[in-house]
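Here the protein sequences line up with chains B and H, keeping their order.
Residues 5 to 350, numbered by the numbering used here, are exactly what the first sequence covers, in order.
Residues 5 to 350, numbered by the numbering used here, are exactly what the second sequence covers, in order.
The hints are simulated quantities; they were obtained by calculation from the structure and are not laboratory data.
If a hint is listed, it holds; no wrong ones were tucked in.
Pairwise CB distance ranges (calculated):
hint	chain 1	residue 1	chain 2	residue 2	range
1	H	N162	B	S26	53 to 59 Å
2	B	Q345	H	E217	53 to 59 Å
3	B	E38	H	D338	42 to 48 Å
Treat the numbers as computed from the prediction; the structure is a model and nothing was measured.
Just so it is clear, CB atoms sit at the ideal spot from N, CA and C, and this is done for glycine as well.
2 protein chains.
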Amino acid sequence: MLPEEITISQNIFTDIQAFFNSSDYDKVAVLLDENTREHCLPLVQQSMQPTTIIEIKSGEEQKTLDTCTNIWSHLTDHQFERKSLMVNLGGGVIGDMGGFCAATYKRGIHFINIPTTLLAQVDASIGGKLGIDFLGFKNHIGVFRLPQKVFIDTQFLNTLPERELRSGFAEVIKHCLIADADYWKKVSSRELATQPWPEIVEHSVQVKNKVVESDPFENGYRKILNYGHTVGHAIESYYLNYREKKLLHGEAIAAGMICEAYLSAWNCGLTETVIQDIQEYILGIFGKVDIHPEEIAKITALCMQDKKNEKGSINLSLLEDIGHPVINLVVGQDEIIKSIQRYLEL
Amino acid sequence: MLPEEITISQNIFTDIQAFFNSSDYDKVAVLLDENTREHCLPLVQQSMQPTTIIEIKSGEEQKTLDTCTNIWSHLTDHQFERKSLMVNLGGGVIGDMGGFCAATYKRGIHFINIPTTLLAQVDASIGGKLGIDFLGFKNHIGVFRLPQKVFIDTQFLNTLPERELRSGFAEVIKHCLIADADYWKKVSSRELATQPWPEIVEHSVQVKNKVVESDPFENGYRKILNYGHTVGHAIESYYLNYREKKLLHGEAIAAGMICEAYLSAWNCGLTETVIQDIQEYILGIFGKVDIHPEEIAKITALCMQDKKNEKGSINLSLLEDIGHPVINLVVGQDEIIKSIQRYLEL
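The shape of chain B in the complex, shown without the other chains:
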């Protein structure tokens, strides 16, 4: 994969216009949902050449093979060819699934990402991980492939419900914890509402992009991005499959980061002082996920299906300290259970 071209825009309209002026696509489709159609499309539509619109319903539960079938059918009906372009206008679901559909349609057409949520801007749209959920497992079917361009504009964040903004903020926290102790101090001294978003997004994009560039296919170092995500994904999957009320990705990851702070203490010496620090800030922003004790076993079982595992063991990325991640720590199911139990005691 080539290095990813990410533009953090002051004026996204002009930037997108320039992209289309210098490219030569025969057809363009914009993938969006009802929210980005209403709030985001008007800000960018006139900057593109004529497009066809593919609208899907918003929500993680749409990130399925059935929706892909609809997207592929639309591209087919409109006779999209290898020189056609897909524009993913939305959050992580749109980016992951639209990218996957583009990367597999006729063995791959170009796509660009215009991430409109904080989560997509600081995480999902960067790094070429594409995919859909399958049998209740997150991103179980997918490929690695980079978009031609990513256009980021923090003005889209003004259109987000607070809960969505908070969800994306979990990845901001993660990027600080794994890569930048100084910036963690700054970020964790502020409430959600008073974060300086352009600066925050730029910092997070830099952290993620640097990690991805050094290990695009997750053979090693990139795994540090998985901090909080082994337990977090399992909690998210559990809610997706068994609970009526869904958790947003970042809400699950927030809980996962606390559990994995405990695992870090037991496996690589993260101090109790740092744990208290992480725990307090995350709980202050996110509150506590109401897992019941009888659900712990099922959540732990879901950890076993994690993509990061090798040979039957649970493989985690943990923290020795803030800014000092370690990869490939192998942890038993009993420890996972214990970490969730401690979380429940909060």
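Use these hints to put chain H onto chain B, whose structure you have.
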């Protein structure tokens, strides 16, 4: 993509055994159909570490998203992880679809190909084109990805029905026509039954592999492999969608190569003598596909959906002479119609 590792085996059992002895997979699945289970699995099973078997029904009509769903579900149920391996034991359908499932399961696990048909040995298993049919279009959804290894043994050809062997022979003919006039003379002086298969397969693999290595993602030169395939694929798709009796891939390509010989005469000067030569040999081996005049329009329309097209035109790879292919010739629908009409007059 890396250069592909293809082993033409004298003793496939030992070669596969050596591969497993030098690798480190935690789980192995063999994808096969009822034919390769009966005729081919016994020849190789003991050379592998313990495996789980995924059996699908044989036939191009199985090459769908539904079958992929079954394969992905099997891998999930057996907790396959990134260090697991898929073995594709069969013809082109098994290789294309098994490879696609492996390349997309958890964003990609390793796979090896053991092609058991002539078509798969000389064509489908080489070059990393993976995929499935969608809405009646051949290989419409897919990716490029190379197997870890390809193990070819012509003893498998003894288990093939003659019709299957003949179908694969169309690609042998194509490789001669696009790359080797001398070898074409030799091959076309022999009946199907008297071809020296080990030599034939080795020649074809060399031709294809050399082309693929020079242009893995089909940005240019690789398109020469499409000779016969624009009209051929359209005929194949037509039969798949509208006729009760299916055509095998090579049967459609054989007709496509004759039609595209006519197109070559009209667009890049292939001589009438060479056309007669090609036409006579192919008809002698394959006979004539019974297309009806009223079906020509639909077949031509299917040519428009070909993956090789750009910007609404039909893009073909044709022949100036045997061994001298040309790519990116743009041809109108009227000429396609005329070429099929001339074929019907044979």
